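A.B. asks: Residue numbers (the working numbering), protein chains in the order written: chain A, 1 to 337; chain B, 1 to 337; chain C, 1 to 337; chain D, 1 to 337.
Keep in mind the hints are simulated off the structure, nothing from the lab. Mixed in with the good hints, there may be bad ones.
Within a straight-line C-alpha distance of at most 20 Å, the following computed DMTMM-like cross-link-like pairs (lysine to aspartate or glutamate) qualify [what the hints assert, rightly or not]:
#: 1; chain 1: A; residue 1: K195; chain 2: B; residue 2: E144
#: 2; chain 1: A; residue 1: K215; chain 2: D; residue 2: E304
#: 3; chain 1: C; residue 1: K77; chain 2: A; residue 2: E152
#: 4; chain 1: C; residue 1: K23; chain 2: D; residue 2: E245
#: 5; chain 1: A; residue 1: K77; chain 2: C; residue 2: E34
#: 6; chain 1: C; residue 1: K70; chain 2: C; residue 2: E44
All values reported here derive from a predicted model rather than from experimental measurement.
Now for the letters of each chain:
4 protein chains.
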Amino acid sequence: MIIVLRPDVTQDQVDHILDEITKLDLRPHVSTGEERTIIGVIGEEDVIRTLPVEAYPGVENVIPILKPFKLVGREFKPANSVVKVGDVRIGGDAFTVAAGPCAVESREMTLRIAETVHGLGAKVLRGGAFKPRTSPYSFQGLGEEGLKYLAEARERTGMPVVTELMDPRHVPLFDEYADMVQIGARNMANFTLLKEAGKMQKPVLLKRGMMSTVKEFLLSAEYVCSEGNMNVVLCERGIRTFETETRNTLDISAVPVIKQLSHLPVFVDPSHAAGRDDIIESLSLAAVAAGADGIIVEVHPEPEHAKSDGAQALVPEQFAEMMHKMRAVAQAVGRKV
Amino acid sequence: MIIVLRPDVTQDQVDHILDEITKLDLRPHVSTGEERTIIGVIGEEDVIRTLPVEAYPGVENVIPILKPFKLVGREFKPANSVVKVGDVRIGGDAFTVAAGPCAVESREMTLRIAETVHGLGAKVLRGGAFKPRTSPYSFQGLGEEGLKYLAEARERTGMPVVTELMDPRHVPLFDEYADMVQIGARNMANFTLLKEAGKMQKPVLLKRGMMSTVKEFLLSAEYVCSEGNMNVVLCERGIRTFETETRNTLDISAVPVIKQLSHLPVFVDPSHAAGRDDIIESLSLAAVAAGADGIIVEVHPEPEHAKSDGAQALVPEQFAEMMHKMRAVAQAVGRKV
Amino acid sequence: MIIVLRPDVTQDQVDHILDEITKLDLRPHVSTGEERTIIGVIGEEDVIRTLPVEAYPGVENVIPILKPFKLVGREFKPANSVVKVGDVRIGGDAFTVAAGPCAVESREMTLRIAETVHGLGAKVLRGGAFKPRTSPYSFQGLGEEGLKYLAEARERTGMPVVTELMDPRHVPLFDEYADMVQIGARNMANFTLLKEAGKMQKPVLLKRGMMSTVKEFLLSAEYVCSEGNMNVVLCERGIRTFETETRNTLDISAVPVIKQLSHLPVFVDPSHAAGRDDIIESLSLAAVAAGADGIIVEVHPEPEHAKSDGAQALVPEQFAEMMHKMRAVAQAVGRKV
Amino acid sequence: MIIVLRPDVTQDQVDHILDEITKLDLRPHVSTGEERTIIGVIGEEDVIRTLPVEAYPGVENVIPILKPFKLVGREFKPANSVVKVGDVRIGGDAFTVAAGPCAVESREMTLRIAETVHGLGAKVLRGGAFKPRTSPYSFQGLGEEGLKYLAEARERTGMPVVTELMDPRHVPLFDEYADMVQIGARNMANFTLLKEAGKMQKPVLLKRGMMSTVKEFLLSAEYVCSEGNMNVVLCERGIRTFETETRNTLDISAVPVIKQLSHLPVFVDPSHAAGRDDIIESLSLAAVAAGADGIIVEVHPEPEHAKSDGAQALVPEQFAEMMHKMRAVAQAVGRKV
């Protein structure tokens with residue numbers, strides 16, 4: 001930690017800061033320049049963070065040096081992690097495709113979509129039984145009934161199921177029906193929910209909040225890991241910017257950036273990033289090329305009857321063509337869809 | 001709702017769209033221009049929203065006309081709402097100041113701060129017993145013990161207490177100890193929590209998410225109201241932008257904008273918007289001048305020992321001077337602190 | 001400057017960096033922590049900046065300590081600057097109102113608006129003769145003819161004129177007709193134009209770019225000052241964010257933040273921040289309360305016939321009422337409109 | 001254009017609006033719903049845009065239907081455009097790589113880099129002779145001398161040269177030395193410069209402003225085209241967001257979005273988007289996969305001696321490896337580097 005002092009700092013203020021630092025068994029190094037004096041603080045990371053140094057008189061600025069996360073960091077674990085979801089291994093050489101409807105709408109439609117995407121090469125089934133909707137008047141999901149349909153689709157196809165948890169009181173339900181627990185973008189900083197997910201024995205798909213930095217995203221993953229669950233897959237799904245051509249702006253750079261900072265696998269969700277079906281193929285190909293470990297994508301045979309986000313669903317023909325192209329790009333970068 | 005069709009739309013596609021609209025007892029009006037054909041849809045609002053028209057073949061764009069919220073809207077209730085918190089009336093002629101520590105740290109400090117801010121003119125006591133922290137390794141709050149200290153401070157000073165609810169399982173605790181339930185910025189789109197708050201008999205202070213538009217903010221309030229609890233105070237607390245001089249960017253325009261769209265009272269939280277103590281006075285005065293109904297501000301006599309957000313806390317002397325100036329500006333705009 | 005080294009840095013890399021620093025007569029201080037080694041560099045500011053240290057092998061991150069600007073900084077000149085525009089002094093105790101049409105449209109309209117705003121208390125006349133328009137097919141301004149009408153309005157009312165310079169080849173025209181040269185938000189980083197403005201003998205109104213940080217804004221002012229022209233008034237006019245209720249998001253915090261960093265006067269442009277007339281009064285009152293030195297606002301008696309930005313123009317009645325309220329708030333904060 | 005009327009609009013206001021519309025030979029269609037009345041306006045595009053309808057009494061909102069650009073639009077020219085730069089054809093089946101130093105620093109270094117990138121497969125030489133720098137105290141480029149070195153490098157390697165124009169008064173210089181005129185991100189809305197570029201006989205590389213929407217970007221291209229120069233290549237180079245891990249956020253979605261809206265070729269600049277060398281390969285591969293027509297990338301054999309942006313320059317070894325991988329991905333998507 002670097003403490004930058006104000007130009008008008010007094011010697012008493014400096015002494016007071018040095019005292020407080022030394023009391024915590026930390027070592028301060030003072031460097032006096034022509035325009036500013038700075039204090040470097042060396043020592044145990046967590047102890048340093050407890051000092052509210054910004055609030056000390058005479059302090060202009062405090063600059064952290066160490067990364068705020070630990071368990072999710074590559075310095076903690078240099079090799080790539082592989083997360084197992086059922087029999088599917090996420091994060092190795094394979095590029096994994098999770099596909100399915102935005103929301104679970106009916107038993108028939110769920111089974112139909114599951115069989116379709118399975119036949120076209122998807123390895124994980126996605127589908128929301130509990131849906132976070134901006135308006136209280138929108139379709140909120142089928143709830144437990146939806147989880148049952150997903151479980152039935154898993155029996156039929158063998159694909160493990162990823163579905164979103166919104167309420168800590170639903171943990172027993174998800175223990176029973178889900179193979180992977182999704183924490184949605186809106187709940188990325190719902191720390192209550194993150195802690196619950198961290199106590200579960202299931203792998204977690206953690207989506208990046210739409211206005212969260214990569215560092216905050218990794219700290220949310222740290223919440224899950226610090227409860228003992230290291231099976232986390234991170235998912236970039238677009239951040240909010242001023243651009244309105246797309247629902248969100250896919251931060252494709254986040255893929256290689258996270259790969260450098262963390263050992264956890266990284267997915268991309270092109271559907272929510274785009275909010276429109278016509279550019280999803282381009283974004284998915286970009287995800288493969290940029291080094292992502294997989295995508296999670298929405299497929300619906302009748303988007304115009306979808307109860308949620310129809311405009312961004314691929315029809316099976318689009319999905320089939322996209323899978324074909326993704327295989328070619330994956331091969332070019334040494335991976336396998 | 002306006003449906004803009006693609007230049008290459010076919011007559012079959014148009015007919016199909018008109019069919020679907022008519023089936024729902026809605027009335028479509030077709031206007032054919034030289035470059036685009038558009039369909040205006042007239043009829044009952046909620047029905048229109050269930051159509052995923054963006055997903056229909058031949059559709060380029062869909063433009064909503066009606067506002068997506070209802071109970072919180074000024075069209076639903078033209079007169080300003082007044083929300084009662086204990087004996088304090090928020091939203092009338094008075095400009096209400098809620099003040100206190102960021103986090104409840106100890107019994108002594110809580111009582112000391114409560115008495116200080118009460119003596120200087122604050123009407124509501126703020127303080128967090130459960131703290132949403134970006135890092136799992138930061139101080140997470142005293143929990144129930146903190147609620148008890150707040151309740152004791154209320155007994156001493158008579159000030160009602162506002163404190164943040166993070167977990168739906170804590171509702172009974174908040175029923176017992178809190179006078180007003182705060183939903184924090186990170187949980188603005190935690191719809192599970194919003195519904196629980198809507199079922200409570202307590203007024204709600206709903207903070208705007210740092211990544212949320214005013215419309216989404218009002219829809220979150222609609223979640224609370226639609227469960228039967230109309231006692232909602234909205235709080236602008238800064239949005240996330242590219243600027244780094246401040247922790248967030250206070251969207252001062254949101255105050256008059258929300259006042260036009262909604263009848264609910266509007267607060268400003270200058271502390272979290274700024275993230276630094278030295279501009280809080282300016283932001284608070286701006287809030288009064290712009291027409292806010294109150295502020296919620298952090299005060300701590302020893303910021304350098306604060307366990308959370310010390311850098312943005314005012315010391316009592318700063319708070320006293322700010323109260324003095326706020327009174328003058330409030331009088332200039334016809335209000336009373 | 002602080003150089004944070006990678007955990008895997010080699011001693012050779014460290015030595016190489018120290019060598020390069022020492023060659024420039026700078027003094028490096030090495031601090032070795034458990035997880036990172038850092039090098040503090042002390043010495044003459046400009047020299048340090050020429051080192052592309054981020055590109056050195058073994059370097060993880062480089063953190064500047066000193067502010068990148070100089071002439072515009074409060075450390076360079078602690079007292080507030082006053083900028084004279086004709087007989088008007090901007091930046092002292094007075095709160096200055098510049099008002100007028102968005103674009104100069106005709107001689108008659110220009111004179112009529114000038115007399116109106118002058119009668120209501122405006123001290124400076126604004127109006128665009130050259131207009132930066134997003135579309136090449138929009139009205140681009142009257143050019144030199146417009147400048148002449150503004151000059152005539154100055155003769156009639158005595159108000160000095162501020163108008164926007166877009167082309168370095170127009171400097172002679174502006175030397176002849178303008179009292180204050182405006183650099184628009186879109187040209188804040190047009191360094192060619194900034195240098196020309198710096199060579200002129202006229203005061204400059206520099207608008208903040210809509211996606212520029214405060215630091216970049218001050219560096220643009222530094223471009224003007226470093227050419228010898230210290231008569232710069234800074235103008236916050238809203239930044240671009242995800243919020244769409246307003247055209248831009250007025251960054252009201254920028255007012256006190258800039259006041260701390262710089263001695264230059266600060267204006268607010270509520271018209272372009274809002275993009276709609278109905279909240280301009282609230283924003284203007286907030287500007288006074290937050291400590292701005294003035295506003296620049298659009299007034300048009302017939303907004304529905306305005307050739308540019310009609311939706312954000314105040315009619316004279318609105319302007320009159322706003323002036324009345326601004327006077328009250330100004331008095332409350334110890335200033336005078 | 002759709003005009004949404006306020007709920008409290010009067011019949012007189014409606015009649016007035018209809019009158020004004022009809023006067024312009026436009027056809028209004030009124031649709032009366034339960035909560036809002038809307039007026040659809042059909043007719044010649046440019047005429048509609050001259051009406052400042054937002055400013056009419058009784059109007060709540062105005063919604064454009066037609067796209068604001070014309071010459072750059074795919075509706076104007078459905079087939080992809082190919083832009084010739086010297087003998088290089090941009091926008092066909094080939095994926096074009098422009099490479100070179102950020103700034104031209106010396107004759108020797110320019111020739112050396114040119115030969116290196118040429119040998120590795122680059123087709124166009126990039127390099128800045130005039131440099132837009134945030135600080136007036138940074139290296140501002142060699143000016144005309146730099147242009148001469150670039151021209152000499154062209155003679156040696158046969159590669160055409162793209163370099164940035166910052167000042168309309170430099171047009172004759174660029175006519176003499178450059179093969180392609182770059183308009184930088186900071187000048188994307190410098191309409192004076194855009195018009196000059198439109199009058200030149202050289203192809204233009206137009207970079208997206210970091211604060212500009214895709215629509216505004218296309219309107220800036222429209223400025224160039226409307227002066228008669230249709231040889232424009234658009235370049236996505238990252239937009240400004242809250243994320244700080246990268247200098248800007250590469251908006252990879254802009255590639256397919258622009259391809260749908262416009263016939264012009266689209267480049268990606270991974271160097272300025274990233275601001276760091278270690279993720280440039282990932283971004284470049286993503287650009288190929290997403291359908292871009294080329295990249296423009298910074299290469300420097302000694303980044304630690306670069307006078308500008310050393311941290312984001314690739315060394316030749318990195319560039320060689322990236323070219324190798326780009327060839328594989330290009331082949332996978334049916335293109336050729």
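A.B. asks: Does each hint fit the structure? Answer for all of them.
C.D. replies: Now for the hints, and whether the structure bears them out:
1. A:K195 - B:E144: holds (18 Å)
2. A:K215 - D:E304: violated (28 Å)
3. C:K77 - A:E152: With a Cα-Cα distance of about 73 Å, the restraint between K77 of chain C and E152 of chain A is violated, given a limit of 20 Å.
4. C:K23 - D:E245: Violated - the C-alpha atoms of E245 of chain D and K23 of chain C are around 31 Å apart, more than 20 Å.
5. A:K77 - C:E34: Holds, at roughly 17 Å.
6. C:K70 - C:E44: Satisfied, since the Cα-Cα distance of roughly 13 Å is no more than 20 Å.
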